[in-house]
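Student: So the protein lines, in turn, are chains B and D. 240 is the number that my numbering gives the last residue of the first sequence; the numbers go up by one with no jumps. 479 is the number that my numbering gives the last residue of the second sequence; the numbers go up by one with no jumps.
Certain hints may be false.
[To be verified] Pulled from the structure, derived: some chain B residues nowhere near chain D, Cβ distances all over 10 Å:
| hint | residue |
| --- | --- |
| 1 | Pro13 |
| 2 | Leu39 |
| 3 | Gly86 |
| 4 | Arg101 |
| 5 | Thr102 |
| 6 | Ile116 |
| 7 | Val155 |
| 8 | Arg161 |
| 9 | Met184 |
| 10 | Glu211 |
| 11 | Ile233 |
[To be verified] The following label-pair restraints were derived from C-beta to C-beta distances:
| hint | chain 1 | residue 1 | chain 2 | residue 2 | range |
| --- | --- | --- | --- | --- | --- |
| 12 | D | Asp350 | B | Ile93 | 29 to 35 Å |
| 13 | D | Ala312 | B | Val65 | 47 to 53 Å |
| 14 | B | Trp209 | D | Pro437 | 55 to 61 Å |
Keep in mind that the hints were calculated from the coordinates and are not lab data. By construction, the Cβ of each residue, glycine as well, lies at the ideal position given by its N, Cα and C atoms.
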Amino acid sequence: MAMAGKALAGETPQVLRTAHEIWSPLVLTLELATVTTLLLLVVGTPLAWWLARSHARWKEVVAAVVAMPLVLPPSVLGFYLLLALGPHGPGGIVARLQGARTLAFTFAGLVIGSVIYSLPFVVQPIRNAFEAVGDRHMEAAATLRASPWDAFWRVAVPLARPGFLTGAVLGFAHTVGEFGIVLMIGGNIPGETRTLSVAIYDFVETQRWAEAHLVAGLLVVFAFVVILSTMLIDKRARHL
Amino acid sequence: MLFAADALSPLVAAEARVAVAANFTEPALRIATLYEAASGHHVKLSFGATGQFYAQIAHGAPFDVLLSADQATPQKAIVEGLAVAGSAFTYATGRLVLFSRDSTLVTGEDTLHTARFAKIAIANPVLAPYGAAAIATLQALGVLDTVRSKIVQGASIAQAYQFVETGNAELGFVALSQVAGSSVGSRWIVPEALHTPIAQDAVLLKSGADNVAAQGFLHFLQQEPARHVIVDFGYGHGR
Numbered sequence: 001m002a003m004a005g006k007a008l009a010g011e012t013p014q015v016l017r018t019a020h021e022i023w024s025p026l027v028l029t030l031e032l033a034t035v036t037t038l039l040l041l042v043v044g045t046p047l048a049w050w051l052a053r054s055h056a057r058w059k060e061v062v063a064a065v066v067a068m069p070l071v072l073p074p075s076v077l078g079f080y081l082l083l084a085l086g087p088h089g090p091g092g093i094v095a096r097l098q099g100a101r102t103l104a105f106t107f108a109g110l111v112i113g114s115v116i117y118s119l120p121f122v123v124q125p126i127r128n129a130f131e132a133v134g135d136r137h138m139e140a141a142a143t144l145r146a147s148p149w150d151a152f153w154r155v156a157v158p159l160a161r162p163g164f165l166t167g168a169v170l171g172f173a174h175t176v177g178e179f180g181i182v183l184m185i186g187g188n189i190p191g192e193t194r195t196l197s198v199a200i201y202d203f204v205e206t207q208r209w210a211e212a213h214l215v216a217g218l219l220v221v222f223a224f225v226v227i228l229s230t231m232l233i234d235k236r237a238r239h240l
Numbered sequence: 241m242l243f244a245a246d247a248l249s250p251l252v253a254a255e256a257r258v259a260v261a262a263n264f265t266e267p268a269l270r271i272a273t274l275y276e277a278a279s280g281h282h283v284k285l286s287f288g289a290t291g292q293f294y295a296q297i298a299h300g301a302p303f304d305v306l307l308s309a310d311q312a313t314p315q316k317a318i319v320e321g322l323a324v325a326g327s328a329f330t331y332a333t334g335r336l337v338l339f340s341r342d343s344t345l346v347t348g349e350d351t352l353h354t355a356r357f358a359k360i361a362i363a364n365p366v367l368a369p370y371g372a373a374a375i376a377t378l379q380a381l382g383v384l385d386t387v388r389s390k391i392v393q394g395a396s397i398a399q400a401y402q403f404v405e406t407g408n409a410e411l412g413f414v415a416l417s418q419v420a421g422s423s424v425g426s427r428w429i430v431p432e433a434l435h436t437p438i439a440q441d442a443v444l445l446k447s448g449a450d451n452v453a454a455q456g457f458l459h460f461l462q463q464e465p466a467r468h469v470i471v472d473f474g475y476g477h478g479r
């Protein structure tokens, strides 16, 4: 692979450079979406469970906070993140532990932004699924002397599987489609914060239509597949 | 009543839609206010990277005037038939400055040689002439390779400044006009010999060819009150 690259470099360096210009953001974007989705499942599951089961009066307040990224413009989140990740915010404190100055312009910074941005897309489907499980199944498990922990893992989670699937797919896809926040806190560093959506933006702005078409077309297909699969998951869940 | 008022007024108030390179934001706001007061016309300003505007104008964005951050873009617009031939002129010559909020960090070009910083902000060199000038400066000083991994890019010079202003980058190459109004931090005004001069041209776009407000604005830009504002913000004279 490396040798082929070297041999070709003399004749068609532009083609290879372009391939790299698309490949590198593509890989980075997939990495970002994967890490974000896994983190969201870890953080979102207990949160969704609590929102589904708790009788606390202020739980809808928490639900509203979780849902806020749905309506806030990315520029608002980007602005606050730029300050929060920076040397004068909490992000700066974390960064200093590693001898850095800021979490902006880093992969970790993008992950933090993406987790906040995509949180409602993961929490909401899982919460809905947990609510659909209902009290009866949990009570039945309890009468069979299952501990709440056992009941959660052996009854609630398997029954809520379509919710997890939908949440994971939406969280992943929404992170792939993230643009405004990445533009504001990323700094456009190749291989580190230059994601697909930013790469497309640059291709368009610099009149590189061919590349823009290629990547944009890819994302259109991706979006269609994602939406279709969530619909199919939904349909199957209703038949169960 | 309306007809009577129109008939009496010497000219009907028109509106000019002006696309302004981000570095010229502050002076453009001042000049537009002066022009509106003097002419009775309205000016609607939009701010962004020059390359960004070109892409938009090429696809029919409704702008009458472009205040570019370079000379190449207005020329290209004329060649492509998007702008009125012969209407381009240099309204300002931009100055690049290395700026930090830290009052001791920037001492001169040695700051770039020692490179004791984690992140340095520049504008996207493909989209923004100030970004291209920053790269040229680093190249001329022979430090581009050592500094490259520390560069973060803003989509425009305004975003590069934002990165420095919020402290996320310790320093950055910005337009002198962005920091001319204050004395905080430390700065090094980059000698013009280190990069191609940032001559900034204005041009009348095709959609504004018959717009009196747009023509008037371009004329006003070359008059004393406007030139005074331009120099005040640290730009060199236009032509």
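Student: Each of the hints needs a verdict: does it hold here or not?
Tutor: Structure-based check of each hint:
1. Pro13: 18 Å, holds
2. Leu39: 23 Å, holds
3. Gly86: 5 Å, violated
4. Arg101: The claim is violated: B:Arg101 sits with its nearest Cβ about 5 Å from chain D, within 10 Å.
5. Thr102: 4 Å, violated
6. Ile116: It holds; B:Ile116 is separated from chain D by about 17 Å at its closest Cβ, greater than 10 Å.
7. Val155: 47 Å, holds
8. Arg161: 41 Å, holds
9. Met184: 8 Å, violated
10. Glu211: 13 Å, holds
11. Ile233: With a cut-off of 10 Å, B:Ile233 remains clear of chain D, as the shortest Cβ separation is near 37 Å.
12. D:Asp350 with B:Ile93: 29 to 35 Å: 31 Å, holds
13. D:Ala312 with B:Val65: 47 to 53 Å: Check passed, 49 Å falls within 47 to 53 Å.
14. B:Trp209 with D:Pro437: 55 to 61 Å: 31 Å, violated
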